[in-house]
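Number of protein chains: 2
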Amino acid sequence: MLFLNINHFNELNMKRENILLGHGSGGKLTHDLIDKLFVKYFSNEILDAQGDSSILPIEGEQISFTTDSFVVNPIFFPGGNIGNLAVAGTVNDLAVSGAKPLYLSAAFILEEGFSLSELEIIVKSMADDAKAAGVKIVTGDTKVVERGHADKVFINTSGIGILPKNRMHISSGKNIEIGDKIIINGAIGDHGMAVMAQRNDLNITSEMVSDCAPLNGLIDAAFAVSEDIKFMRDATRGGLSSVLTELFEGKSFGVEIEEDAIPVHDNVLGMCELLGFDPMQVANEGKVVMVVKAEKAEEIVLALRNHTLGKEAAIIGEITVSHPGKGWIITTIGGKRVIDMLAGEQLPRIC
Amino acid sequence: MLFLNINHFNELNMKRENILLGHGSGGKLTHDLIDKLFVKYFSNEILDAQGDSSILPIEGEQISFTTDSFVVNPIFFPGGNIGNLAVAGTVNDLAVSGAKPLYLSAAFILEEGFSLSELEIIVKSMADDAKAAGVKIVTGDTKVVERGHADKVFINTSGIGILPKNRMHISSGKNIEIGDKIIINGAIGDHGMAVMAQRNDLNITSEMVSDCAPLNGLIDAAFAVSEDIKFMRDATRGGLSSVLTELFEGKSFGVEIEEDAIPVHDNVLGMCELLGFDPMQVANEGKVVMVVKAEKAEEIVLALRNHTLGKEAAIIGEITVSHPGKGWIITTIGGKRVIDMLAGEQLPRIC
Chain A
1 MLFLNINHFN ELNMKRENIL LGHGSGGKLT HDLIDKLFVK YFSNEILDAQ
51 GDSSILPIEG EQISFTTDSF VVNPIFFPGG NIGNLAVAGT VNDLAVSGAK
101 PLYLSAAFIL EEGFSLSELE IIVKSMADDA KAAGVKIVTG DTKVVERGHA
151 DKVFINTSGI GILPKNRMHI SSGKNIEIGD KIIINGAIGD HGMAVMAQRN
201 DLNITSEMVS DCAPLNGLID AAFAVSEDIK FMRDATRGGL SSVLTELFEG
251 KSFGVEIEED AIPVHDNVLG MCELLGFDPM QVANEGKVVM VVKAEKAEEI
301 VLALRNHTLG KEAAIIGEIT VSHPGKGWII TTIGGKRVID MLAGEQLPRI
351 C
Chain B
1 MLFLNINHFN ELNMKRENIL LGHGSGGKLT HDLIDKLFVK YFSNEILDAQ
51 GDSSILPIEG EQISFTTDSF VVNPIFFPGG NIGNLAVAGT VNDLAVSGAK
101 PLYLSAAFIL EEGFSLSELE IIVKSMADDA KAAGVKIVTG DTKVVERGHA
151 DKVFINTSGI GILPKNRMHI SSGKNIEIGD KIIINGAIGD HGMAVMAQRN
201 DLNITSEMVS DCAPLNGLID AAFAVSEDIK FMRDATRGGL SSVLTELFEG
251 KSFGVEIEED AIPVHDNVLG MCELLGFDPM QVANEGKVVM VVKAEKAEEI
301 VLALRNHTLG KEAAIIGEIT VSHPGKGWII TTIGGKRVID MLAGEQLPRI
351 C
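Protein chains in written order, with this note's numbering: chain A, 1 to 351; chain B, 1 to 351.
Some hints could be false.
Which copy? The list can't say, so a pair holds if one copy fits it or any two copies do.
Claimed, not checked - With a straight-line Cα cutoff of 30 Å, these simulated DSS-like cross-link-like pairs (lysine-lysine) come out:
no.: 1; residue 1: Lys-293; residue 2: Lys-36
no.: 2; residue 1: Lys-165; residue 2: Lys-100
no.: 3; residue 1: Lys-311; residue 2: Lys-100
no.: 4; residue 1: Lys-293; residue 2: Lys-336
no.: 5; residue 1: Lys-230; residue 2: Lys-136
no.: 6; residue 1: Lys-230; residue 2: Lys-100
no.: 7; residue 1: Lys-136; residue 2: Lys-100
no.: 8; residue 1: Lys-152; residue 2: Lys-165
no.: 9; residue 1: Lys-165; residue 2: Lys-131
no.: 10; residue 1: Lys-326; residue 2: Lys-131
no.: 11; residue 1: Lys-152; residue 2: Lys-293
no.: 12; residue 1: Lys-165; residue 2: Lys-136
no.: 13; residue 1: Lys-181; residue 2: Lys-40
no.: 14; residue 1: Lys-165; residue 2: Lys-336
no.: 15; residue 1: Lys-124; residue 2: Lys-293
no.: 16; residue 1: Lys-152; residue 2: Lys-230
These are computed hints drawn from the structure, not numbers from a lab.
Looking at chain A on its own, in the form it has when it is part of the complex (with noise of 0.2 Å):
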């Protein structure tokens, strides 16, 4: 498959006084606000450590904890609804920590005139997709802001779970060895393309449709088959790309990627070339990139193929000793291209 490459915006940074859309893509511009202001005032251990969640010592016992807002547009889209999505995502960002999640809050932001009935739509999916991934949502708050002041709804779901003490190196990866695995469990873009499509209202015959689902259940089927299950992280706004980006940079072994080997459906590879879209930047809500040992790998591909969120999975690449800190994917033809985080933004509002 030929993966298009085209940024449509020029690198920003900081210097703006403003805010920009790419501030919240996921890409390099958050990442420079993150860096460059939050991390700023608010360093200490735990926060530096910048994992998906955030691991903290509580009277001898390990606990994960992390945040996220969900601001999608719009709120119901083929596969989903906002609500779905509040929970896997924080669901997942607990579970790629190596930990079980445990609980979850969920605050809303409703804009004044917003529907009960579409709220309560959004609210039992968050019961139902709690209720399958065994969380409970504990805690909550709602806050209302005059018409045009917010999108409807926004929601955030903070989460927390207890981490095993030998999974502990799973969200910095610092168990990495050359030669490690690197599988996903199955196709990208999904997510990304679903909204799209839905949001621009696009005549498509062949329906894309959301891959957002809590990912604990898998990740649990692949423990149990083996342990060496080095690093884990959801591939969710900037996409894959980003979250190979923050597995090699600043890291000592480099990435090769086998394009050949990334599972992609036809449609969304389609909808991404007439857009001009990588499909390595597009967001999914339902991916998990795993770093595994390389004896290893083929037996977790399995475990997760037989589980019905990992049917497509597949080894796509390896662990490197050539071009430390850096990511190369070996295209179809043979050639090789550089890695690269999303600049500026692709598509706003995709969670």
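Put chain B on the given structure of chain A with help from the hints.
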């Protein structure tokens, strides 16, 4: 003093199809929305307790967990900004549950075009307050929405604290007895009226200043002199009335408050009378209501008064055997008035 008690809004109910500003008031409509929608779907034994924080059993420890979104308008006001509020609000929710606040999350929803320098002031305020309160901001999130789809900045903070086993009764107030005294740490209504004055650019000679502050240090000072504190709640949206209503509603005891005993600053009282507000229903961001053993009440008030944030602390009433499930104010002229929760919206986006 005379408390005006004019409600500008009729009571509204969930049968209306759309979200009203009053659903965010912290009064009756908010309680309706919580009970009839969120609790209906999310119900579990932890959420149903409906404390300011939820108490989570994690591997033998008791963890307090809370969440709050902040949408105050304007974002800067005399005495603080939305960042101060976001830290104080969540620290206070933990502290009034009896917990020692430890960790916060910080999630930002930013409007495209919002000033980065204003954001920096807000973030710095949060860092300063977190440090002063002895909590760490350990995880965060940033989303950006298009111009006109949010209002500058909304902040969600969630918080985790550890709850000593001997303070587990505080959230529910289950140890409350007839004769217990009701204490507040100072004057009511400052936050609401300061924001109100700022928002409407009222030309007021005697400036009102928000009481926004983290109260965990003050609460520690009270516990240092006595563990006989049986219930605490911070009086935020919905004011003192909402806290008192939550205290007596459905209980086998009543509440009696001496109107003369409630501290209110003259400028706040004047503005309330002018605008037809009841100070008891106006928001605070640095006020805790405590129910304590009668014999220890004076001692606890003295401890509060020795702290910067409790100089005007006072005993304002007591738990009574008469009129169970109801609350009464004994007015200055010797009359009686029922304590009632705010029905609709008084001051939208006060926190």
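Here's how the hints hold up against the structure:
no.: 1; hint: Lys-293 x Lys-36; in the structure: neither (35 Å within a copy, 50 Å between copies)
no.: 2; hint: Lys-165 x Lys-100; in the structure: both (12 Å within a copy, 24 Å between copies)
no.: 3; hint: Lys-311 x Lys-100; in the structure: within (23 Å within a copy, 45 Å between copies)
no.: 4; hint: Lys-293 x Lys-336; in the structure: within (25 Å within a copy, 74 Å between copies)
no.: 5; hint: Lys-230 x Lys-136; in the structure: both (28 Å within a copy, 27 Å between copies)
no.: 6; hint: Lys-230 x Lys-100; in the structure: within (16 Å within a copy, 34 Å between copies)
no.: 7; hint: Lys-136 x Lys-100; in the structure: both (12 Å within a copy, 23 Å between copies)
no.: 8; hint: Lys-152 x Lys-165; in the structure: neither (41 Å within a copy, 41 Å between copies)
no.: 9; hint: Lys-165 x Lys-131; in the structure: both (26 Å within a copy, 29 Å between copies)
no.: 10; hint: Lys-326 x Lys-131; in the structure: neither (40 Å within a copy, 37 Å between copies)
no.: 11; hint: Lys-152 x Lys-293; in the structure: neither (45 Å within a copy, 46 Å between copies)
no.: 12; hint: Lys-165 x Lys-136; in the structure: both (23 Å within a copy, 22 Å between copies)
no.: 13; hint: Lys-181 x Lys-40; in the structure: neither (34 Å within a copy, 45 Å between copies)
no.: 14; hint: Lys-165 x Lys-336; in the structure: neither (39 Å within a copy, 60 Å between copies)
no.: 15; hint: Lys-124 x Lys-293; in the structure: neither (40 Å within a copy, 43 Å between copies)
no.: 16; hint: Lys-152 x Lys-230; in the structure: neither (40 Å within a copy, 40 Å between copies)
Going down the numbered hints, you'll see the structure goes against 1, 8, 10, 11, 13, 14, 15, 16, while the others check out.
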